[in-house]
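Undergrad: The residues making up each chain are set out below.
Protein chains: 2
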Amino acid sequence: MIDIVRPTLLLDERKCKANIARIVDKATKAGVKLRPHFKTHQSHEVGRWFRDFGVTQCTVSSVKMADYFATDGWNDITIAFPVNPLEHVLINELAAKIKLNLCAGSKDAVQLLHNSLKHPVKVFIEIDNGYHRTGIQPSNKEEIESILSVIHQSALMEFAGFLSHAGHSYKAAFVDEVNKIHTQSKNLMIELGKFYRERFPLLELSIGDTPTCSIADDFSGVDEIRPGNLVFYDLTQATIGSCHLEDIAIAMACPVVEINSHTNEVFVHGGGVHFSKDFLSREDGSVSYGQVVKLTERGWALPPLKMFVKSLSQEHGVIHAESEEISKIKVGDVIGVLPVHACLTADAMGEYFTLEGKRIVMMR
Amino acid sequence: MIDIVRPTLLLDERKCKANIARIVDKATKAGVKLRPHFKTHQSHEVGRWFRDFGVTQCTVSSVKMADYFATDGWNDITIAFPVNPLEHVLINELAAKIKLNLCAGSKDAVQLLHNSLKHPVKVFIEIDNGYHRTGIQPSNKEEIESILSVIHQSALMEFAGFLSHAGHSYKAAFVDEVNKIHTQSKNLMIELGKFYRERFPLLELSIGDTPTCSIADDFSGVDEIRPGNLVFYDLTQATIGSCHLEDIAIAMACPVVEINSHTNEVFVHGGGVHFSKDFLSREDGSVSYGQVVKLTERGWALPPLKMFVKSLSQEHGVIHAESEEISKIKVGDVIGVLPVHACLTADAMGEYFTLEGKRIVMMR
Numbered sequence: 004m005i006d007i008v009r010p011t012l013l014l015d016e017r018k019c020k021a022n023i024a025r026i027v028d029k030a031t032k033a034g035v036k037l038r039p040h041f042k043t044h045q046s047h048e049v050g051r052w053f054r055d056f057g058v059t060q061c062t063v064s065s066v067k068m069a070d071y072f073a074t075d076g077w078n079d080i081t082i083a084f085p086v087n088p089l090e091h092v093l094i095n096e097l098a099a100k101i102k103l104n105l106c107a108g109s110k111d112a113v114q115l116l117h118n119s120l121k122h123p124v125k126v127f128i129e130i131d132n133g134y135h136r137t138g139i140q141p142s143n144k145e146e147i148e149s150i151l152s153v154i155h156q157s158a159l160m161e162f163a164g165f166l167s168h169a170g171h172s173y174k175a176a177f178v179d180e181v182n183k184i185h186t187q188s189k190n191l192m193i194e195l196g197k198f199y200r201e202r203f204p205l206l207e208l209s210i211g212d213t214p215t216c217s218i219a220d221d222f223s224g225v226d227e228i229r230p231g232n233l234v235f236y237d238l239t240q241a242t243i244g245s246c247h248l249e250d251i252a253i254a255m256a257c258p259v260v261e262i263n264s265h266t267n268e269v270f271v272h273g274g275g276v277h278f279s280k281d282f283l284s285r286e287d288g289s290v291s292y293g294q295v296v297k298l299t300e301r302g303w304a305l306p307p308l309k310m311f312v313k314s315l316s317q318e319h320g321v322i323h324a325e326s327e328e329i330s331k332i333k334v335g336d337v338i339g340v341l342p343v344h345a346c347l348t349a350d351a352m353g354e355y356f357t358l359e360g361k362r363i364v365m366m367r
Numbered sequence: 004m005i006d007i008v009r010p011t012l013l014l015d016e017r018k019c020k021a022n023i024a025r026i027v028d029k030a031t032k033a034g035v036k037l038r039p040h041f042k043t044h045q046s047h048e049v050g051r052w053f054r055d056f057g058v059t060q061c062t063v064s065s066v067k068m069a070d071y072f073a074t075d076g077w078n079d080i081t082i083a084f085p086v087n088p089l090e091h092v093l094i095n096e097l098a099a100k101i102k103l104n105l106c107a108g109s110k111d112a113v114q115l116l117h118n119s120l121k122h123p124v125k126v127f128i129e130i131d132n133g134y135h136r137t138g139i140q141p142s143n144k145e146e147i148e149s150i151l152s153v154i155h156q157s158a159l160m161e162f163a164g165f166l167s168h169a170g171h172s173y174k175a176a177f178v179d180e181v182n183k184i185h186t187q188s189k190n191l192m193i194e195l196g197k198f199y200r201e202r203f204p205l206l207e208l209s210i211g212d213t214p215t216c217s218i219a220d221d222f223s224g225v226d227e228i229r230p231g232n233l234v235f236y237d238l239t240q241a242t243i244g245s246c247h248l249e250d251i252a253i254a255m256a257c258p259v260v261e262i263n264s265h266t267n268e269v270f271v272h273g274g275g276v277h278f279s280k281d282f283l284s285r286e287d288g289s290v291s292y293g294q295v296v297k298l299t300e301r302g303w304a305l306p307p308l309k310m311f312v313k314s315l316s317q318e319h320g321v322i323h324a325e326s327e328e329i330s331k332i333k334v335g336d337v338i339g340v341l342p343v344h345a346c347l348t349a350d351a352m353g354e355y356f357t358l359e360g361k362r363i364v365m366m367r
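So the protein lines, in turn, are chains A and Z.
Going by this note's numbering, the first sequence opens with residue 4, and the numbers climb by one from there.
Going by this note's numbering, the second sequence opens with residue 4, and the numbers climb by one from there.
Simulated from the structure, these hints should not be mistaken for laboratory data.
Just so it is clear, the structure is predicted and the values come from calculations on it, not from any experiment.
Misleading hints may appear alongside valid ones.
Which copy is meant is left open, so a pair is good if it fits within one copy or across any two.
Said to hold, decoys possible - With a straight-line cut-off of 27 Å between C-alpha atoms, the simulated DSS-like cross-links for lysine-lysine are:
{"#": "1", "residue 1": "Lys361", "residue 2": "Lys67"}
{"#": "2", "residue 1": "Lys121", "residue 2": "Lys333"}
{"#": "3", "residue 1": "Lys67", "residue 2": "Lys297"}
{"#": "4", "residue 1": "Lys313", "residue 2": "Lys174"}
{"#": "5", "residue 1": "Lys110", "residue 2": "Lys197"}
{"#": "6", "residue 1": "Lys197", "residue 2": "Lys29"}
{"#": "7", "residue 1": "Lys67", "residue 2": "Lys333"}
{"#": "8", "residue 1": "Lys309", "residue 2": "Lys297"}
Kindly produce the complete structure, drawing on both the sequences and the hints.
TA: Here you go:
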């Protein structure tokens, strides 16, 4: 194990590559295109690991992130975020050199894009498949037609198809619930596809979030899946049932700086600026910002210890520990913490260290 | 106003300097040393604004941050975080060139520090003044003595005094409550000082958080104050009563990317990776991740609009807006959002733009 002196985000390359291999295999068997979302890892290096498995297209969540991956040779990128017409300069730069797929949920956005577009792009119409964040209701054919009419006016825009994100699967408490969400949202997209396929024989249906792509197997009728978090997984996904704790590929290493045996608290360097602040509710009504694991020569041991991160300040992590656990810990130790939300933790840290000590930088 | 195309953290230099001027003036009048906490702004440039007001010492929350400010000429720095003995290499590098003040709440930490120390440092003993995070109970003279005994064994450590952080003032709902916390924690420190001053005539008492330093005026009996957040302030501080909304010196500018008038939602680019995820509870039981303001040529208009950020995904901000407000907003607009917690938002963004368009970088 590398020498750790401050909060350090460890990346188990073997677990990560196993996660990649698993979804590549599943997509191949299901006959669906895999366009992994790179917002979780935000790293050229991890992107290359996907490429080693034959993946040649990716998804990102911002124009800036598309630019970052385009500079590393990715030339077929979908920005799965409502197109922001104000970013037309960078959008045009990218559209001039790669196959750029944008995403829109309103006529206004597409109209503004049309006004400033100088190079060809494909445009997905985002569909709200039950998550109720962005996107158009599938029944709202009027709005869909209004977007299509703008696309057709433009010599530079091509209708790509329909894209949706079943983000409500993150709130699912059980595997069965995820399966139900998957079936519902997939069928909804397939119905929509049927309705428009005669006019647009090449339209694609793009779905996929980590819970449904991890748990479901049947992707017949859709064209591509876009899971992101599964490259690392995290406690939220393990709780849903998307993964086993053994699949989680990142852990924060935190130095122990103080111990209070009277209050059953262990204080570590590792706070809100390292983990970000997503939490999970515990059965007793308390919350957890992470579960403690023992670091070993080869990574971290499982199952986790009973200790969990009960609160976070900017730099402090406060860990609840039972007396028998406290007695085994001392100031100067380094403990591991499995994160609640890998995407935000990775983003907050900006870099990883593999267990072999290789530093992997992220977009900044 | 500068041209904004993606989430951008605006810094109103005039308001920020007014906040600095106000606390400098208060400290001068109170006859107390101001050692501002730089964890909020984490920027050489903003640090220099303090220096322009005659401030020559600062507080930071990590060894890395001490190093960052030392490279910009700060040569008297307190790291107000339990000393992490694993960081001895950088601690020694810093101690060799600046006046470095560390902070400890346990004998173990000081002993480990002693084992690796090569250059002189001062050591504050951290006292728990009611916040119940790190620090020693003031009544626990045994623990204090055990730390003092290690300090005395060391030719390189000097006892600096007692340091505390009344972080429970952040949970105060009223100005009166803040005043009460201030008086209690200040008196507790003064009592402790009296007990030890005969043996240590030069010991210093260091207190100070933004609510108490903003609201209270009487600092007699203590030596220095270390507020940080007040350089920018935020909605949390305005809610407590530490500041007026007019004093908040930063706002996030977010492009509007989609509007759903049926659900009264406006979607902006600006999510958890931009704001971090601290929130305030609203009277109706919902939560707010930020309050919307109208951006103007000179910054942003007050009072805020009724719109607030109701949820955050990684890149999406979802804003609740009443119908009459929605009708005034369109895709392609840029709206401002006052942050709930300035420190975490600034840390997440990594840079500011002043209203005049000057880019101010932060530690990375």
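Undergrad: Please go over all the hints and tell whether each is borne out by the structure.
TA: Hints versus structure:
Proximity of Lys361 to Lys67 under the C-alpha cut-off of 27 Å is found in both arrangements, the shortest distances being 25 Å within a copy and 20 Å between copies. Proximity of Lys121 and Lys333 under a CA criterion of 27 Å is satisfied inter-copy only: 23 Å between copies versus 61 Å inside one chain copy. For the homomeric pair Lys67 and Lys297, the shortest alpha-carbon distance between copies (25 Å) is at most 27 Å, but the shortest distance inside one copy (37 Å) is not. With identical chains, the CA atoms of Lys313 and Lys174 are at most 27 Å apart both within one copy (21 Å) and between copies (17 Å).
Taking the shortest alpha-carbon separations for Lys110 and Lys197, only the intra-copy value of 22 Å comes in at or below 27 Å, while the best inter-copy value is 71 Å. Only within a single protomer do Lys197 and Lys29 lie at most 27 Å apart by alpha-carbon distance; the minimum there is 25 Å, versus 70 Å between protomers. Taking the closest pair of Cα atoms, Lys67 and Lys333 come within 27 Å of each other only across two copies (23 Å); inside a single copy the shortest separation is 43 Å, beyond that limit. Taking the closest pair of Cα atoms, Lys309 and Lys297 come within 27 Å of each other only inside a single copy of the chain (11 Å); across copies the shortest separation is 47 Å, beyond that limit.
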